[in-house]
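> Residue numbers (the working numbering), protein chains in the order written: chain A, 7 to 160; chain B, 13 to 153.
It cannot be assumed that every hint is accurate.
Straight line, CA to CA, 27 angstroms or less: simulated DSS-like cross-link-like pairs of lysine-lysine [said to hold, decoys possible]: (1) A:Lys79 with B:Lys132; (2) B:Lys132 with A:Lys67; (3) B:Lys152 with A:Lys67; (4) A:Lys82 with A:Lys67; (5) A:Lys79 with B:Lys152; (6) A:Lys79 with A:Lys67.
Computed footprint of chain B on chain A, listed as stretches where at least three residues anywhere in the stretch have a Cβ under 8 angstroms from a Cβ of chain B [to be verified]: (7) 41-49; (8) 59-69; (9) 86-92; (10) 144-150; (11) 153-159.
Hints listed in this document are in silico derivations from the structure and should not be mistaken for laboratory results.
Note that the structure is a prediction, hence the values are computed from the model and not measured.
C-beta atoms are modelled at their ideal positions from N, C-alpha and C, and glycine is treated no differently.
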Amino acid sequence: MAMTSNPFEPPRTTDLDGDGGAATGTLAMSEEALQELIAAAPWVRWLTRLLSVSIAVGLVKAVASVVIPGSGKPAKLFSVAVGTAISTLILVRLRRYATASERLRAGTREAAGEVIAAQGSCFRLLGVLAAIGVGLVVVLGVIALVLAAFGASR
Amino acid sequence: MMPPPTTMGEGQPSQPVELSGPQIQVLRDTSGWARFLAIALFIVTGALGLAFVGIFVQTRGAGTVANISVPNIIPAVISLGVTGAAAVLLWLYGRAVLAFFRQGEPSLAQAFRKLRVFFKLWTIFVVLGIVTDVVELLGKL
Numbered sequence: 007m008a009m010t011s012n013p014f015e016p017p018r019t020t021d022l023d024g025d026g027g028a029a030t031g032t033l034a035m036s037e038e039a040l041q042e043l044i045a046a047a048p049w050v051r052w053l054t055r056l057l058s059v060s061i062a063v064g065l066v067k068a069v070a071s072v073v074i075p076g077s078g079k080p081a082k083l084f085s086v087a088v089g090t091a092i093s094t095l096i097l098v099r100l101r102r103y104a105t106a107s108e109r110l111r112a113g114t115r116e117a118a119g120e121v122i123a124a125q126g127s128c129f130r131l132l133g134v135l136a137a138i139g140v141g142l143v144v145v146l147g148v149i150a151l152v153l154a155a156f157g158a159s160r
Numbered sequence: 013m014m015p016p017p018t019t020m021g022e023g024q025p026s027q028p029v030e031l032s033g034p035q036i037q038v039l040r041d042t043s044g045w046a047r048f049l050a051i052a053l054f055i056v057t058g059a060l061g062l063a064f065v066g067i068f069v070q071t072r073g074a075g076t077v078a079n080i081s082v083p084n085i086i087p088a089v090i091s092l093g094v095t096g097a098a099a100v101l102l103w104l105y106g107r108a109v110l111a112f113f114r115q116g117e118p119s120l121a122q123a124f125r126k127l128r129v130f131f132k133l134w135t136i137f138v139v140l141g142i143v144t145d146v147v148e149l150l151g152k153l
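The shape of chain B in the complex, shown without the other chains:
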């Protein structure tokens, strides 16, 4: 029979939640995937940055820099910033989880804080994506 679930009520002494072996393994794997994702995002950020510089140099050489409008630049700069920030946050999350295995808390709390900021950033990015799509859609109609 399963024990009744414990709840975090007011006034109840807060006790740390002990992690089981499989949970520790999941955290370790998640840390690995997060760092892999961070490296992939660092590469994407670098590639995007190089592409922007390349486009700028090319248009400057052709004397058409004035043709690059602000509405074109803003989404590109935002994408570059968000990708770079996401890479940094995921990297820090992965490192903090590893630090938790070495030293214990407060590293896990720090890792989850980075993850929370990552989710905030992702949410804001999705909102910007929706706004861009809707504007584009309205422009077509």
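Isolated chain A, as found in the complex:
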């Protein structure tokens, strides 16, 4: 099997790709596609704002769980810390996306390339996070099975 040098290359789904590998001639984005990117701009901007609010509310919840006796658990604080870190990473990528799509909305056609790049960066991050999440679930599942088997044999 051929090895790739790029660790951030998306997982292969060759069997699902059909014959979509080779693009012939020049590919161009239609006006309709541009309008779709423009129409998405306010939603992406609102998403970044609301994600910021969500992070802030999460932090307030974490503080409240520390201050209010009996409501906090170390595991909950850890999950809030991890969630905040992940949300911040996503927020940074989404802000880049929102800025590029707003430039496109303002009329700068060159920003279409920036939107595509920001889209790629955003999905790569989400994909890597999903891969880590799936990996963790699998590892924890295997550990749970091994522990269950070990417990049953004793």
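Dock chain B against the given chain A, drawing on the hints supplied.
Positioned in the frame of chain A, the structure of chain B alone reads:
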């Protein structure tokens, strides 16, 4: 020297934006990640669905179904629906981008339409998450 940026003014003839080699590669990679995410979300949706069925069967067996309150069910059902819908939208986005490489437009416009709906869904989900968090926080105070 960089050429001055062109703008989409009124009355200006709309010309398609030609995609460069690196942009095409980015789109291809994005399509792959989107489909990978969609598959992961399909698995999460299935697991959530099974978990809900399991909880329902367990509580029914114990005769405590009445203890499952509506405020507990609604967020669970919304999460299941949103996860499933997001998976479908990302899958369709990835497929439409691939179709663009084979047939050209209007597949890319369709792909970006799916992405726009995905962002709408994500925004609504974040709003629901904030509302749930605030209600939970107020309940503690």
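> Take the hints in turn and mark each one as holding or not.
Okay, the hints, checked on the actual structure:
For the hint linking A:Lys79 to B:Lys132, the alpha-carbon distance of about 34 angstroms lies beyond 27 angstroms, and the restraint is violated. In summary, the hint linking B:Lys132 to A:Lys67 is supported, as the alpha carbons are separated by about 26 angstroms, within the 27 angstroms threshold. At most 27 angstroms may separate the alpha-carbon atoms for a hinted pair to count; B:Lys152 and A:Lys67 meet this at roughly 9 angstroms. Taken as a hint, the A:Lys82 and A:Lys67 pair is honoured in the structure, with Cα atoms around 10 angstroms apart against an allowance of 27 angstroms.
The hinted pair formed by A:Lys79 and B:Lys152 meets the criterion: a straight-line CA distance of about 14 angstroms does not exceed 27 angstroms. The straight-line distance between the Cα atoms of A:Lys79 and A:Lys67 is roughly 12 angstroms, inside the 27 angstroms bound, and the hint therefore holds. Only residues whose beta carbon comes within less than 8 angstroms of a beta carbon in chain B count, and the segment 41-49 of chain A has 6; three or more means the coverage holds. Counting residues of the segment 59-69 of chain A whose CB lies closer than 8 angstroms to any CB of chain B gives 6, so the stated coverage by that chain holds, three being the minimum.
Counting residues of the segment 86-92 of chain A whose C-beta sits closer than 8 angstroms to any C-beta of chain B gives 0, which falls short of three, so the coverage hint is violated. Coverage of the segment 144-150 of chain A by chain B is violated in this model, with 0 residues showing a Cβ closer than 8 angstroms to a Cβ of that chain against a need of three. With 0 residues having a Cβ less than 8 angstroms from any Cβ of chain B, the segment 153-159 of chain A misses the three-residue criterion, and the hint is violated.
In summary, the numbered hints that this structure violates are 1, 9, 10 and 11.
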